[in-house]
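A.B. asks: Read off the chains here:
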Amino acid sequence: MSAWLSVDQLGVEFAVNRNVMQAISDISFSIQPGEIVCLVGESGSGKSVTSKAIMRLIEHENGSITSGTIKLGDVDVTSLSQQKLRSLRGKRIAMVFQEPMAAFDPVFTIGSQIIETMRRHDRHITVREAEDEAVRLLQRVGIPEPKLRLKQYPGELSGGMLQRAMIAMALSGKPELLIADEPTTALDVTIQAQILQLLQELRSEFNMSILLITHDLGVAAEMADRIIVMYAGQIVEQSTAVDLFTQPRHPYTLGLLRSITTLDSDRAQPLYAIPGSIPGMNNLPTGCRFHPRCAYATELCAREAPALEDRDGRQSACWHADQLPELRDARVPERVSELEVRERSMRIEMSSKQDAVPKDVPLIELRHVTKHYPVKSSLLSRERRWIQAVDDVSFTIRKGETFGLVGESGSGKSTLGRMLLHLEKPTSGTVLFEDQDLGALSGSKLRQQRKNMQMIFQDPHGSVDPRWKVGDIIGEPFAVHGVRKGKERRESVESLLHLVGLDASAYDRYPHEFSGGQRQRIGIARAIALEPKFLLADEAVSALDVSVQAQIINLLQQLRKQLDLTMLFIGHGLHVVRYVSDRIGVMYLGKLIEIAPSEQLFRHPAHPYTRALVASIPAPDPLRQRSFKAIEGEIPSPASPPSGCRFRTRCPAATARCAAEEPLFREISQEHYVACHDPLL
Amino acid sequence: MVNAIIVRFISSLGVIVGSSVLVFCVLYVLPGDVVMNIIDPSTMSPEAIANLRHQLGVDRPFLEQFTTYFSHVLVGDFGKSLVNSEPVLPKIMMHFPATLALTAAASLVSVTVGLVLGVLSAIHRNKPIDIIARIVGLFGISMPTFWSGILLILIFSVSLGWLPALGSNGWQTLVLPAVTLGMLGAGFIVRMVRNAMLEVLGEAFITTLRAKGLLERSVMYRHALRNALIPAVTMLGILLGEMLAGTVVIETVFSRQGIGRIIADAIMAKDLPVVQGVILFSAMIYILVNLLVDISYAYIDPRVRRFQN
Amino acid sequence: GAGGTGSPAASPASSAQAAGNGQATSGGEISFALATSPDTLDPHRSGLAVAVRVFRTIYDSLVVQLPDNTIKPWLATEWSISPDGKSYTFKLRKDVKFQDGTPFNAEAVKYSYDRILDPATKAANASALLKPYKSSEVIDEYTIKINLESPSVAFLGNLSQAMLGIVSPTAAKKYGDQFGKNPVGTGPFKFVKWDDNSEIKVERNPDYNWAPALVENKGKAYLDAITFKIIPEEATRLGSVQSGQVTAAETVPPQNIVALKNDAKLQLLQVNTSGLPYTLFFNQSRAPWNDVKARQAVQSAIDVDSIVKTLYLGTYQRAWSPLTPTIFGYDASLENKIKPDLDKANRLFDELGWVKGTDGVREKDGKKLTLHYVDGSPNREKRNDIAAIIQQQLKKVGVAVEVEITKDVQSVIYTAQAYDLYGNSQVNSDPVALNSFYHTTAPNARPSLSHLSDPAIDKLLEQGVVEADEAKRKEIYKNVQKYIIDNAVIIPVYIFPYTVAVSKNVSGIKFDSLGYPLFNDASILKK
Amino acid sequence: MREVVNAKPLWRVKRTGLTLHRKNLNLSPSRFILYASTVVVVFLIICAVVPGWIAPYVPTDMQADQILLPPGGVHVLGTDYFGRDVFSLIVYGARESLFIGFASVIVGGLLGGLIGAYAGYFGGWTDRVLMRLNDIVMTVPSVLLALAIAAALGPGLWNIVLAVALAAVPNYARVMRGQILSVKNRPFITASRSIGATQLSLFMKHVLPNSLSPLLVMAAIGVGTSILTGSGLSFLGLGVLKEIPDWGALLSQGRGYLTVAWWICTFPGLAITLFVLSINVLGDELRDTLDPKKRPS
Ligand SMILES: Nc1ncnc2c1ncn2[C@@H]1O[C@H](COP(=O)(O)OP(=O)(O)OP(=O)(O)O)[C@@H](O)[C@H]1O
Ligand SMILES: Nc1ncnc2c1ncn2[C@@H]1O[C@H](COP(=O)(O)OP(=O)(O)OP(=O)(O)O)[C@@H](O)[C@H]1O
Ligand SMILES: [Mg+2]
Ligand SMILES: [Mg+2]
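Protein chains in written order, with the working numbering: chain A, 1 to 681; chain B, 682 to 990; chain C, 991 to 1517; chain D, 1518 to 1814.
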């Protein structure tokens, strides 16, 4: 069968400040009709560039195709005239982008944007016909009340809805190839599951090829027929999904696979992490681009770049591809144990607070904590409305434990976290830290207390002052509390740098010189500088690539043990939360609906929502296909939550009672609390 | 909706009262008084001057002048000119149309020139057209208006004889002043539209539009420009303020009637009621226009409209 | 001062020629560009020369003063003066009526003059001109007797001024405060409309038949209408007369006179103003300028010729005396007597003990020799530029001149008297004008600009007001002028020529004794 | 994890890529304009600082026999109606004009910046009052306000500066407040707060430094605007008469000679225009460099 799309030796360059930068090179692959191919790789590896190059969209971003060909059927896209190219775009190839909110023109209605596309490619269709067709498409992608949606503006729809609409728009030209660039990354897991399911249905319905770009190996495992792994602008491996997951032929793929946390990850063991981070395109290493991070690298790797070679119907670009299965078992554990040794010695250097702390001593206690935000009233509406960001939440975090908090976006996790640290005053309710009401503390007393509670932020770029030197950022807690002056402070900061795995030379550099993972280390160093008792990690690893994620999680785990930290770990990735937490709380629309010990929660979720959440996670294992049907609907507006049980609108088991009566938060088995009238068990 | 506008309008009244109090205070400390502009001090005796000042009421203490003035304003009486006893409000009403015509024409020039140059500039970023458009725009901002006005008169009126140099009647008399004043605004709009366009062109949805196979023309004009115009609309309110102030100079250069001219003269003559009147009036116009801009903004930009529901 | 310009016309040569060339035809309109806006068209309330230029067309006076300073009938046909000089009896014309139909009679005259005295009118300069008027008596419908507080030789001349024009009592009463916007008089033109800051339009008074001896056309004017356009910006004003958008433009600046002279489409009319020339007054109450030597030093250091030539490019005449040449009693022998003499200036200062310091500024007893030069704003007739030049000229002899340009002349000059040198000029028809500048002032009154106080001069000035014998009076004023110059009380600078650029197809624009334009004879030439 | 500890990976030793390509440095038009603007501004600043080095004549020297000489010959840009050398006047006038420009920006920017910063940072009641006041002042167009203030204060260089500065205060305040508001809630501020930093030190060390760039850009461009406003005041008769006039005064005084001696006001006019234009170009460039979106991260 001839390939729909075949890309051969593709190279793309960008003009940056009158210099050129080679973004991708030697990219060759093909997609068959009806096939789903996944492009995976860490951020900056050139996935998006590749996808945009196929449609020659990079030409509008100072980019140009410098080598290779792209063929769609018999058509050579690289040499097409602009006019022919345009009639191809949206017609034979359609695209779906990562940020559905940003991918629609905000000032036109959804309908007009879909119709515009149709009429662009079919001059004979009337507006009426187009409208009907649009309604049909919206219906097909699962948008309720499609007629109404047609007249709405992008800002009036939720992210999930918009992504469906975007898919509908892409379908309007009946494309042969759909390119979806991280279509679910910005969405919640439950919605992600819905969208992925939709894509799969559409593929079989229209016999469409899909090029799916993702950095989530779970998604790839679930969706892909074939997987292409990219690293630093090149393809490093390509094979069928099953082969790739069972028998990776490139150390990078291997590393990625080992880095991901799964339901089965052993919580006692540190996670595997690929060291270092992906190089920038303007300072590439010689030879194999992966060799500085590779555990198997030899002198040959540093000298010469391996070509992408075909072997047994799969491709990989590694000098040691053949030996990899053997090497894999022999070399890696060695390195881990070597690290263990270092950690142990460090641990001795630090204080030895390891003495057993009595369990069950509460460090933080929340009592009926509520936070309501006024909805910003615009010029034309004056009545006040409130967002119930957190509503009547009570729980306890015990000394020494790690408490995990999960829930969909907007469920109030961050708000709860901020109130816990008293960075924000609760609307009502109290927060006790070591039996002390934080709300009752005076300004200076509270500042003193802050020494004991610190925070790590989600956005490694935003959470450090770009104008400060790294040393000053990490030393700021000392400065604020007037401890450790001058040389002593510098020494402390340097030892902190060492502790979080940064070189002491980082002291005099600025944050923008560091990668995301390194910046997150800076944030962590600052948080632990005063040896706090409590650490809040709000999505501390969500913005990072898998390989770096694993590094940071290991670091956190290690520090937690060394410093005897109590931690609240807020997270999106449920596996990660499971891996780090002792107990987990689940939030939905401002309410805490379930608390249970980690393993218990994942194995026996009592709340239908928790169960849905757990089931939505794509497993990074192509052999373990999901049987569960994704939970339907979307999270309602926190400004007007449903009566009774807030989850009832999406709950498959909802009864009349759920609407009338708010379920109590009660203990159903030991340490397992749930707010549901009919808990599953 | 209507209620909201009314509430907003009433709160604007507070601002207006505030601004007139401010101006009253600033002007009160002006040295000298209006008498100097009505008489020849060398021929009049001090008593006669004092007498005249008394009759005009400018020798009364600040608080008294202040309360008298505002109690009158409250009932819609803007008082009379100290120089020639003319009632202020009718005078303003009579002159405002000329100023309005000038500002409207100048805005037209600004918006047209600004839009065209701004869009060209953004589309042909860093190409010669961009450079030329930006430089032309910058010249508009950088030349003192009285100078460019005089130059225009010398060129188009005196040398070429194409257009009249002065007057307040007929569209021909409007051309030169409107161009002079409009170039100032055009400069701002060029910059504004260019930046907004570039920002919009960097947005993700532009890629979507191209990926849909739209013509470059409709990507630029139907989508990018429309998005870029939204922030430009907010500029209009501010621009109007600039334009109104610009009329002070322009109306003098081109000997046009208008409230800019009145206020310039009145400030020099310390004719407090007139200055007050004009400031009050233009503040009202300014606030009214900005209110309209805000309302229309809420209508044009669906992102704002969303908050209503 | 705000009194503006004007003078017994030194026979405005150009205007006469222009009138002679063409055949006066009736009809047509002209536009006349003014440099500033009149404040009001109520002659009694106004103080601005520019307003006079407009309302001279609307109002007539009882008498008229000819260029040779003689007084001739106008609205009054004849008059007699009582022997004590304190009462004047006028016989009035019987065929005159106001533009609103109100009959002109003795009542109207009495009303006009009494109106000036009435504080409610807020009369400005008019009340000063009317001095020493006391009261009027209506003898019969067309005879009026005016009583003065004290005799004044200048009184008749003052009556000829437009600011003492006769207003329609009906209209003045009807419009009250707003009369200035609705003026009604007996003049050759009647008011049509006034667009603020834009234009004032007057049209022919069809009944007019009582023009004074100053003009040839005794009947109604030839022009249908005149539009006075207000164009403050010099370039615009000249541009519009050059491009033909207006017929005439006043106050042509010197630098443009040369160019306009060569313009085939334009003629230049120029008339020197009369009264006091632009004069720099020393403030004699402030040291060291109370010393005649110091003042003379400055007098010798300032090169007035160079100033006038540089700034006015030969278009303005230099002034030599406290009076302008056309006025009664002018002493021509003062001309060319003062020469710039830096050595003399330096010597005089040296004698006074002012020694040059390292910075070139003279010092005495640790005090710098400074001269505080105050000038009004804006740069009318380039007066600020004069200050700038004098600053440089005096720097050469070691005087540091501080120039202060202020709009607030009232408080700086008249209230605080914080100046060493201050410039002013005045339009007047009689040398009595000198009194308010050089006579000792009453103990409580505001001092004169010169702060001069010399009993001998006081006596001469007082004699000048009442002396009826022309020869004696002339002698008196010669002595005064000589004294003032010899003692360097002032530095006279220039005589202002009122200059109008007029399209060549208009003829017959004339000027009265004070330099205000008259349009009775003006007409548009048919080609 | 060993390699991670060593934050400087081996392959970072050579920073090639971008820098190496700089060989063919052909001047694009926009670069050219940027450089030209820099040259203009730097030259005029030099004029302002050491006019004596550049001006061929003493600017106050009035040579009565050399008035109104056209450009060329010994007087490069001709002489004015006093017989002063126009070029020297412009060179010396730079000091006066730039003084007006910079001083008023410093005064207005400081005042407006402080007000805006205070209002934006502390919010609440003071914010509402200050911003209401700001609204009030903003309804009066700034040129009018400057006119009124200049008229009230009387002539004097500092008074012009003050008038221009005060009229600009509301704009600075508004921009500063907006910026503070946007910076105030950035995560790194919360981060510092969570450490226990006091309000004051948070403000001084984090909020302020990160809020300054729009104000700086505005101030840069404001230097030009102030000079223009100043010249407008000169035109309306509120300027200052000094031995060495500023450009606005030169332009406004010389405009009467435009048809007779065009050079008297044309060159000062060009000086103003060029300076304002250049400072705008530099301001735009500054905006681009300070814009975090365009900075390498
Ligand atoms: N318009 C552009 N101009 C210059 N460089 C670009 C441009 N677009 C992408 N790049 C560079 O090309 C490289 C690959 O970027 P690309 O967006 O393809 O990465 P990606 O794999 O999609 O990453 P992510 O997972 O973050 O989306 C990056 O180094 C990026 O900085
Ligand atoms: N400062 C604020 N003002 C108004 N509303 C707020 C504010 N902060 C949060 N909210 C609202 O409160 C709700 C909960 O927000 P929160 O950030 O706590 O959710 P979250 O669970 O952390 O979500 P995410 O996973 O996206 O971080 C949301 O609807 C949000 O819009
Ligand atoms: Mg991407
Ligand atoms: Mg959050």
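Hints listed in this document are in silico derivations from the structure and should not be mistaken for laboratory results. Treat the hints with care, since some could be wrong.
[As the list claims (entries may be wrong)] Derived lysine-lysine pairs resembling BS3-like cross-links, with alpha carbons at most 30 Å apart: (1) D/K1759 / C/K1354; (2) C/K1386 / C/K1472; (3) C/K1385 / C/K1358; (4) C/K1062 / C/K1121; (5) C/K1386 / D/K1759; (6) C/K1299 / D/K1759; (7) A/K451 / D/K1722; (8) A/K84 / B/K808; (9) A/K485 / D/K1701; (10) C/K1163 / C/K1087; (11) A/K485 / D/K1722; (12) C/K1357 / D/K1759; (13) A/K469 / A/K533; (14) D/K1759 / C/K1283; (15) D/K1722 / A/K425; (16) A/K485 / A/K451; (17) C/K1472 / C/K1494; (18) C/K1385 / D/K1759; (19) C/K1464 / C/K1283.
A.B. asks: Hint by hint, note whether the structure agrees.
C.D. replies: Quick rundown of the hints versus the structure:
no., hint, verdict
1, D/K1759 / C/K1354, "holds (26 Å)"
2, C/K1386 / C/K1472, "holds (28 Å)"
3, C/K1385 / C/K1358, "holds (12 Å)"
4, C/K1062 / C/K1121, "holds (21 Å)"
5, C/K1386 / D/K1759, "holds (17 Å)"
6, C/K1299 / D/K1759, "holds (22 Å)"
7, A/K451 / D/K1722, "holds (19 Å)"
8, A/K84 / B/K808, "holds (26 Å)"
9, A/K485 / D/K1701, "holds (28 Å)"
10, C/K1163 / C/K1087, "holds (17 Å)"
11, A/K485 / D/K1722, "holds (18 Å)"
12, C/K1357 / D/K1759, "holds (22 Å)"
13, A/K469 / A/K533, "holds (26 Å)"
14, D/K1759 / C/K1283, "holds (28 Å)"
15, D/K1722 / A/K425, "holds (24 Å)"
16, A/K485 / A/K451, "holds (17 Å)"
17, C/K1472 / C/K1494, "violated (43 Å)"
18, C/K1385 / D/K1759, "holds (14 Å)"
19, C/K1464 / C/K1283, "holds (29 Å)"
In this structure, only the earlier hint numbered 17 is contradicted, and the remaining ones agree with it.
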